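**Q** Read off the chains here:
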Amino acid sequence: MQVDFLDRYSRGTSLVHRLDARVKLVVALLFVALVIATPEMVAILFTEPLASWLFLAVEAWLVVAAYSLAGLPWRYLALRLLALIPFLFLLALGIPLTRGFETGWNQGAQLLARSLISLAIMITLVATTPFSQLLTAFQRLHVPQVLISILAFMYRYMFVLVDELDKMRRAKLARTFYPSLWWEVRLMGNFVGILFVRAFERAERVYAAMCARGWRGTAPTKDGEP
Amino acid sequence: MNPPVLEVRELSFHYPDGRFALRGITFQLGTGESVGIVGPNGAGKSTLLLHMNGILPSRGQYEHHHHHFGDDTHSHTTEPHVWVEAIPVVGPNLPQVRRRVGLLFQDPDDQLFCPTILEDVMFGPLNLGHRSAVARDIAVRSLAAVGLGDYDDRPPHHLSFGERKRVCLAGVLACDPMILALDEPTSNLDPRGRRQFMAILRELPAAKIIATHDLEMVLELCHRVILLDEGRIHADGPAREILTNEKLLVEHGLEVPLSIRLSKPAP
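Residue numbers (the numbering used here), protein chains in the order written: chain A, 1 to 226; chain B, 1001 to 1267.
Hints listed in this document are in silico derivations from the structure and should not be mistaken for laboratory results.
Worth double-checking, as some hints may not be accurate.
[Stated by the list, open to error] For each label pair, taking beta carbons as the anchor points, the in silico distance ranges come out as:
1. P179/A <-> V1134/B: 54 to 64 angstroms
2. F1161/B <-> E201/A: 15 to 25 angstroms
3. I1087/B <-> V27/A: 51 to 61 angstroms
4. P144/A <-> D1153/B: 17 to 27 angstroms
5. F1161/B <-> T98/A: 28 to 38 angstroms
6. E204/A <-> G1091/B: 17 to 27 angstroms
7. L195/A <-> R1261/B: 39 to 49 angstroms
8. P1095/B <-> P73/A: 47 to 57 angstroms
9. G94/A <-> D1153/B: 37 to 47 angstroms
10. R75/A <-> P1095/B: 47 to 57 angstroms
11. E1079/B <-> R186/A: 45 to 55 angstroms
[Claimed, not checked] Which chain A residues face chain B? A few, computed with CB under 7 angstroms, are given here:
12. W61
13. S132
14. A152
15. Y155
16. R156
17. F159
18. V160
19. R205
20. V206
21. A209
22. A212
23. R213
24. G214
25. W215
The structure presented is a predicted model; accordingly, all values stated were derived computationally and were not measured.
All C-beta atoms, glycine included, are put in the ideal place defined by N, C-alpha and C.
Using the sequences and the accompanying hints, generate a full structural model.
**A** What follows is the structure in structure tokens.
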């Protein structure tokens, strides 16, 4: 199975890669909080309307610096940000429409900028840290075990599901002779339904496999590093 | 014969929709004995394996259904039908039973549910109550035993099917079971992977129940064969004897293994 959209670069050796996962996680979360709060905080200190743009520019530069320090391809970052721009754009567009056009444009643009910077931070974090290390970091920071388990299962079975979807799509292509949009849409509905049923049945088999190895409903304590 | 490590007596099972999967299964397994369970698709092989460590019947299995299946009489009692080392396989004994019986599933993706394979192999030992340092030692040794010693921090989706299958086996071996219940251990493996897997299985001292369509493997690994069809045992005896009985095999959707057919002189 060749799907690898999350962990492709996370096993590098740069300074950013080698940093302790806990440090990266905490720094990233604080940084995101800072970016989100930037316009409000700046407004308290400065009256100049363009001041917050200056701060956002510095923050953006910091992320880009961290990303280039990790030595990852720019295409990787750009593609992920681009994928989210349509949604963010709609959100940003909503602000001048609801808050009036005088200050709205500026606020909308800032929302867009803040979202993009925050996303870039998270992308950098995930792209430079193997997922299992992130989970261990969560654990050491005393995040509830249930949440960690959910994340771990999500990470594990995301690839299986994408793989299944891929196989179904290939099987469909092999027997599609006269493609039509309506047909396509109906099939998508089928796929989602089938995926759901399969995931449901797999969940039962996974649970059986867990019981077979002594699972009794509570997570064993893992204090070792994976 | 060796004293039985596993005893199954009058085991019947039907699914909530009334479909019978097992009817009156009775057999015993001696220490270190290997038995092949053969039979057509839907014969009840996997269902039988799931009973070996009490995954079936699950609690509540019988609570939501009605009885209207013709002349099949059956009772729903909580009496045990399976014993592992004389321990009845019922609710309160399940932890003890499950550490003695290792179950290998057909699809490795069902069994590998941790982000890295080392964590996955550690799952069983941790559940057995080992400290994590000890569990890690056991896991490293188990991975080495299946020839995957240096794979520990790889995520399961980066492994080939054969490798994933071997990680599953390592996860089961890490629990140090005395009985191995294997569901189609060689299906979908390439010849080399199949050979490797069989070589590993052959070296294991545990008793083995192998549900499979791979009759050649049964000939190599098992002295005894149980033929299951429509939930019933139709034959139970020495592997050579049953796997050469063409009439019996064909009647139950199987065929005489090629190696036997080739070694027999033409009539």
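**Q** Need the list of violated hint numbers for this structure, in ascending order.
**A** Failing hints, ascending: 5 and 12.
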